[in-house]
Amino acid sequence: MSISLSHLSKRYGKTHAVEDVTTEITHGSLTAILGPSGSGKSTLLKLIAGLERPDEGTVVIDGADMTHVDPRHRDIGFCFQNYAPFRHMNVAKNVAFGLKVRKRPKKEIDARVEELLVLVKLQNKATSYPSQLSGGERQRMALARALAIEPRVLLLDEPFGALDAVVRAELRHWVKELHAQIHVTTVLVTHDQQEAMEVADQLIVMRSGRIVQSGNPLALYESPATDFVHEFLGPSTIFQGEVTRPHDLELVSVYQGTEKGRITSIVSLGFEAQVTVELSDGTSTWVQLSRNELSDMGLRVALLVGVRRRLDAD
Amino acid sequence: MASNASRRTLRTIVLLYLAILIGLPVVFLVVKALGSGFGAFWHEITEPDALSALKLSLIIAAIAVPVNTVVGVGAALIIARHKFFGRRVFDTIFDVPVAISPIIIGVALVLAYSRIGWFGAPLERWGLNVLFTPLGVALATMSVSLPYVLRSIVPVLTEIGQEQEQAARTLGAGRLRIFWNVTLPSIRWAVLYGVTLTIARTLGEFGAVLVVSGNIAGVTQTLPIYIYDSWDQRFDVLGSYSGALVLALISIAVLSILAVLRRREKKLLVDLA
Amino acid sequence: MPTDTPLDVAPLEVHTSPAGIGWRRVASRVSLPFLMGGGGTLIVAYLSIIVLLPIAALISHGLSISVAGRGAGLEFWRWHVSTNFSLFWESITAPGAESAIFLSLWLSFAVAALNAVMGVAIAWVLVRDKFFGRTFIDSVIDLPFALPTIVAGVVLLAIYGPDSPIHIDLFETWMGLMLALLFVTLPFSVRAVQPVLASLDLESEDAARTLGAGGVRTFFGVVMPSLWPSVLAGFGLAFARAIGEFGSISLIAGGVPRTTTASYYVFNLTAGFEWSAAAAVSVALLVLSLVVLVTANVVSHHYQKRLL
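Protein chains in written order, with our numbering: chain A, 1 to 314; chain B, 1001 to 1273; chain C, 2001 to 2308.
Note that these hints are calculated values from the structure, not bench results.
Glycine included, every Cβ here is placed at the ideal spot set by N, Cα and C.
Everything hinted at is true.
Stretch by stretch, here's where chain C covers chain B in the computed footprint (C-beta under 8 Å, at least three residues):
id : segment
1  : 1098-1104
2  : 1136-1147
3  : 1249-1260
Produce the complete structure using the sequences and hints provided.
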């Protein structure tokens, strides 16, 4: 189901958490709202959910004005960063909650819960309590719980923020697969640009309560509208006064480079290397090289090199 | 910490202090109450005045505890979940009866509701007498045991946060269901803790009740008053010790329950992490 | 942290009003307390009956406040409020009153101070030391809090009274009063400090030790600076409790002027039906304990914030 936001604003005291936000979220898409902390992305999600009320603007879900409708009646599923599990209920009861509220017959509830637990791979933990689950398992339970009521929209508020890197990567991948399977319109809020780039087919970048740019993730990465988006979406460095991607630069001999400088540090990260060069004009830039390039060139600190954009090559 | 010697010295000082201050009294109460044999003890506590004192105490507790529990839970939800003008003041009012002397509370109640007080005349016309009646005893008891449930719940409510309730809302639950199925179960140990404290306080209240009740045996004598009366007015020392032992045993039971509940609550908070 | 989101939210059916949506938004904000419904109002009514009205009546009688209506009915801006301060003053400077108030003051102060020190020591042993029976001792600390005060009174008299098995007779002495007050205020002093001590970062103390500081130095230089606000808060609580204490001292005091504390004095007044005088002295006591409690709280809060 599509979501239409129009001139949405929300203030807390004097601060604008969300200011004049207008955007469309297409039916069936997996949209990521990306931004630094304080950018208003969580507030925006809560406005869509109805957990917050806007001061101005409208929220239209599937053609119906839901701006002042209680979250109970919006038919949405919401997942929190800290999972918000019902601690005194076991996994099965957690997942069944929304269905019990809707007074479905017991048989139907049991069947659906079973189905969902298999989907999220928690079928062996049905009688466990949230305290006995790992963070990743708790979030999967939260997802199952939200999906149980067959929501029109699935809203995820920094769902992987509280997890460690490995689990985060696994769950990212898993959510993308889940979305491919189920096709429910999903909106995910995150501050992790890698996550957004990997998972989303639509990207909305926010800053200080406003939308800075939105569209296809790759398009944003390659054609960022502002320096902020450029820096936020990927590694960046400044070369010849412009914000540039470090992997768009290369190191060559002093005579071939458009700028000259001295290497000040080499950091090898295994699969790639980051070489920092202090240029003749006093500024510093860094270049991203592959592992092979690093070993082939025999670089070391204090060596004089030339720097140029890879596109400038003949 | 520092050396073993200094650690042991401190430990000894502390244990000695506690032994003298708390340990000795408890031991001797048992000795004195049961000193003349269990038969005599039993005789004392089954005397009609003693029994009616116990009965009154229990009835008053049966009124005061549920009322203050409901009020405590309601007020806790309001305080922990909403910001409004005057919240701080509202919150502090609950602490007033506990911060001031019970004698003063008794005097205040008399000056408000008895014949010589503000509302005495209209109340009497409706047949509600406060001074020297169980009604006054009930009022005094409710006042001094007011905040225990509230104070027990509020930190837990704040710690748990609203997310579980919000999640339930997105899942379609209404206010009553959220309270019953989500909020209340998450605070149940804290509620029990507060209720236990409230019970202890209602059974043990002395000063405020003494002022309001006028100490009329069989009518307004609660168990603590009976204990005082036995000693002070009737020099019935054994009666006094016996009643005191009963109350002390209840207190120890209360303490044990509290200790167990504390451990449960700690487990819950660890799970929250 | 609680947010502005009310738990009760407007229903699905949108009620239109003359002013439209804007009005409804404002109304749901302002009507928050009333949204809690009958609930909130009932609670306020209950509080009024149990706390607010009695206290108001007490202050009114104590300060001999009289209100004379000059206008008709409820035009309260025309009311003339006066207090008969001399009556109040008379009551609190009556011979028994002065000595009773003074006794309560210095006794409470001494007891709160002593238990402040012992409270830290006990908390230290409970938090930092490990020994058999520690959990038991930890529960025992709450006994004076859970025990009815009159029971404490009877029991203390059992040991330290005329029939004392250890031949220590503290009946009608200050020492006896002090023992009673130390007993009842102990939990406040310990529990105010214990959780703070438990949450203290041991690393700062270790750092001090590696820099050469001994046990005492570390304690006063590293631990106390972080601990003292809670010690002060505990002092305030213990003081307020001690100054109002009645049940536990009612028997060991014996009714002699020398050991008549302020609360016992007020009790005597009520037994003699001298309600105005009782109210006056009560108000004085209230003010005193309020001053100490609020000061201790404000100061400790202010410094506690800085330390966090």
